[in-house]
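Chains as they are written, first to last, in the numbering used here: chain A, 285 to 1016; chain B, 195 to 370.
Derived by calculation from the structure, the hints in this document are not laboratory data. For each residue, glycine too, the CB sits at the ideal point set by N, CA and C.
Once the Cα atoms are required to be at most 25 Å apart in a straight line, the calculated DMTMM-like pairs of lysine to aspartate or glutamate come out as: (1) K304/B with E321/A; (2) K337/A with E295/B; (3) K304/B with D329/B; (4) K269/B with E331/A; (5) K337/A with E300/B; (6) K269/B with E332/A; (7) K836/A with D498/A.
Facing chain A, according to a computed beta carbon distance under 10 Å, are these residues of chain B, among others: (8) P234; (9) V261; (10) V264; (11) Q268; (12) N294; (13) E295; (14) P296; (15) K304.
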Amino acid sequence: MKKATLSRRSFLKLVGGAAAAGATVGAMPVAAKKVGEHFEPYVVPPEEALPGKATWYATTCRMCAAGCGIMVRTINGRAKKIEGNPSYPLNDGKTCARGQAGLQALYNPDRLRNAVKQNGRESRIFEPLHWETALSSLMDKIEAADPANIIFFGGVMADNLYYVTSRWLEAIGAPPPLQYDLHAALEGRATSAKAAKKLFGTMQQPIYDIANADVIFSFGANFVETWMSPVSYSRAYSKFRGQTGGRGYLVQFEPRMSATAATADQWVPIRPGMDGLVALALGKILGGGSFSGMYHNIDIKEIAHASGIELDTLKKMARILANADHPVVVPGGTPAGHSNGYDSYLAIHSLNLILNQLGREGGVYISPNSPAEALEAAPMPNSFADVEALIERMNGGEVEILFVHGANPVFELPQAAAFKEALANVPYIVSFSSFVDETAVQSDLILPDNTYLESWGYQVASSGGDRPAVASQQPIVERMYDTRSTTEVIMALAKEMGGAAAKALPWESEILFMEDMSGSIYGSSLTPYTTKTGKEFWAAFRQHGGWWANKKLSAEPEAVGFKNSPLPVAAPNFDGRAREYPLFLHPYPSVSLSDGRGANLPWLQEAPDPMTTAAWNTWVEMNPQTAHKYGVHDNDVVKIISPNGEIEARVVVYPGIRPDVVAIPVGQGHEDYGRYAQKRGSNPMDLVGTITDPKTGALAWASARVRIERTGRKEKLARLESLHGHGKEELT
Amino acid sequence: MAQVKRRKVPFILLAVFLVTAVLVGGYYSQQSAGASESQPVDYSHKVHIDAGMECLYCHSNAGRSPVAGVPSVQKCIGCHQTIATDNADVQLVTEYWNNNEPIPWERVNKQPDFVYFSHQPHVISGLACEECHGDIGEMDLAAPMEKMDMGWCLDCHEQQHEDIAPHLWDCLVCHK
Chain A
285 MKKATLSRRS FLKLVGGAAA AGATVGAMPV AAKKVGEHFE PYVVPPEEAL
335 PGKATWYATT CRMCAAGCGI MVRTINGRAK KIEGNPSYPL NDGKTCARGQ
385 AGLQALYNPD RLRNAVKQNG RESRIFEPLH WETALSSLMD KIEAADPANI
435 IFFGGVMADN LYYVTSRWLE AIGAPPPLQY DLHAALEGRA TSAKAAKKLF
485 GTMQQPIYDI ANADVIFSFG ANFVETWMSP VSYSRAYSKF RGQTGGRGYL
535 VQFEPRMSAT AATADQWVPI RPGMDGLVAL ALGKILGGGS FSGMYHNIDI
585 KEIAHASGIE LDTLKKMARI LANADHPVVV PGGTPAGHSN GYDSYLAIHS
635 LNLILNQLGR EGGVYISPNS PAEALEAAPM PNSFADVEAL IERMNGGEVE
685 ILFVHGANPV FELPQAAAFK EALANVPYIV SFSSFVDETA VQSDLILPDN
735 TYLESWGYQV ASSGGDRPAV ASQQPIVERM YDTRSTTEVI MALAKEMGGA
785 AAKALPWESE ILFMEDMSGS IYGSSLTPYT TKTGKEFWAA FRQHGGWWAN
835 KKLSAEPEAV GFKNSPLPVA APNFDGRARE YPLFLHPYPS VSLSDGRGAN
885 LPWLQEAPDP MTTAAWNTWV EMNPQTAHKY GVHDNDVVKI ISPNGEIEAR
935 VVVYPGIRPD VVAIPVGQGH EDYGRYAQKR GSNPMDLVGT ITDPKTGALA
985 WASARVRIER TGRKEKLARL ESLHGHGKEE LT
Chain B
195 MAQVKRRKVP FILLAVFLVT AVLVGGYYSQ QSAGASESQP VDYSHKVHID
245 AGMECLYCHS NAGRSPVAGV PSVQKCIGCH QTIATDNADV QLVTEYWNNN
295 EPIPWERVNK QPDFVYFSHQ PHVISGLACE ECHGDIGEMD LAAPMEKMDM
345 GWCLDCHEQQ HEDIAPHLWD CLVCHK
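Construct the complete structure from the given sequences, taking the supplied hints into account.
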């Protein structure tokens, strides 16, 4: 007998039809059912909140060191969307992808929700602590320690935090905060500041007026992606392209084609470390004017040969510079990544001098002075040599307490520097990280800071813009968890300690500190808004998102450090012999993950790299010639080996790179740092050695030579672009 | 005979499926109905309206926001720290207040996510609350409207003044 059956297919058909019938009959009144949702109206509604209507608050972005002005849309006390503050002159109402992703730091499921102590370093077993307990145990440690052996390791610190921390450390007799992070190293901040000190007599960051230039020669300044203030420079760049009388001419010198090089009129794939020499050759061809002595012994043929740029090309480029009305030459991140970085900076800046573009429209300015003495920008970051000195002190048992804020040195520093190993000699390590990152895992106590959307602060614009400006930061939402602002923690410690420390930080609260600091600009004639009283100014300062001069006001650099004598540019040093390690390694900051700090935000993980369209992992870019030579293809997993270590990465065959260079984005390869970051990709800093520029102590992060070995494995890399159609999408 | 029997089984199955599906489909297509019997506080609209209160006193955002708003506990307690303090439900509200906790009201009416509905233009144009919400003033617990679907909206939009009616028929008015 045939069994009565209902195939899966007809079952689905039946159900589908019946559901459709049900939907039609649904018009009939039926019994009330639960929507299954609750309203939870406020217990006490905030005065300004109107349920269902958005409220926008102005504050400062902290996703990188630039400090753009942002506006955050909130509904019912929840931050919903970040946009640029249209009034703030640095970013002119714009933000970048990283700025947009700030919400995911606030709502991140891996955030620490209270102070914790770790039961044994690297145990990853954390015990929640009451803040009072945490702070009193910290106080005991501080009181027992020699103040000279208390070190505060910050990334590039927020200005308000630097102010408070440095005053506290000074009062207790500890050294000033050490500011170092990988992003700053990759963009050459320390080298730039030291070159500015020598040439212009100031540690202020030079600002390049690319908006009004007609020709830009950029030596590795990837200003549309990651360099300094990419939003500010991208805005200026759009003006450069949109000006009347031509669209400008951009030449980009770098071994790997970045997004800036891709948008340039000419990309010059220069041999790594040759930036300074090429600048000298250009200067020699230009003649040098009254500074011809700088180019006395330059042999341009030799430089053409060494840099991989043909003599004719060099001459043509010099002609472009000579014919320009407002050319500007920009030293960026790449030249600073070599042992001759400082020399290169001097040589590159000298071109601006001989082109007479210092302090002229479309030329070089100095970051505008702070609007008030009290509101000064934090000093330029320290160099890698300072970190090495710290490592030495740690190994010598001369560091008793190490505070770490806003940096993740265990992840960011080259493995070869052995920072992690040195931490074993520090008896007490305190992290202020909001997340359990690689450095927090080495710490004893974690006092999580609020995320920036829950914090107070201010930031003097120092890496772009055409006028003095200071962005104000205020909490957009109430603290989500039991975290505490580090500024407040330090103020509390100072108060507890009494004496000089308490005197150095006399404010009752962080808010009063902010009010006091911003009040120092009150009464300035340059104010963009008028206020009648100090209180009113304080309200306006927060409401507008800061203060900025109401007119363009650029500081002109004084050319105090140029001499009419030969400029020496040493040949760059590399780690590893060419025969054994035939390729140069070019690590570069990821446009989304930066130096790795963005890796815990899924929006940034999934944002594809603009040049390769790859995401979610680490890849190594190889020229098609090189890939052919090694017999590797897209998605092949290869070993990249340097004298300092080895990592694995998937191959991206990329025509925009010199055949003797391989490029790897920085940012992945986290062991810790939350579910989105960890166990994903590899960290190219494991390949980098500790070669420094002897003149500045900056890390020569592009000085590693590598070789490639096949593993025979293939692992598909997530890429937006189809690889089947050779760049053309196929619709199937 | 045997053949007939074999056919009957799927027909019965089909019938069962159809009836179940009709009920399930009907249940889920009702976007507007909500619970009325299980609110955390046994609140009576009738008592408050009878006492002379206006809808907008509590749902004060209806004229200035997309959402009408459910009053804060502070607003309840503003009156009830002195009025009807011996009532058990008022005491419950006081308890929420003392514990600094919101009252988890059960939602009564809801539009699906793809509908952009705003109270503001409806209230501003002078539409009375009961036109859409029924005679809430006569209800103890708010009962859901049985049907707040597109045809129902359009029935009313259609009857508006000829200057504005065509605009109110535009899909984009509600489906942004």
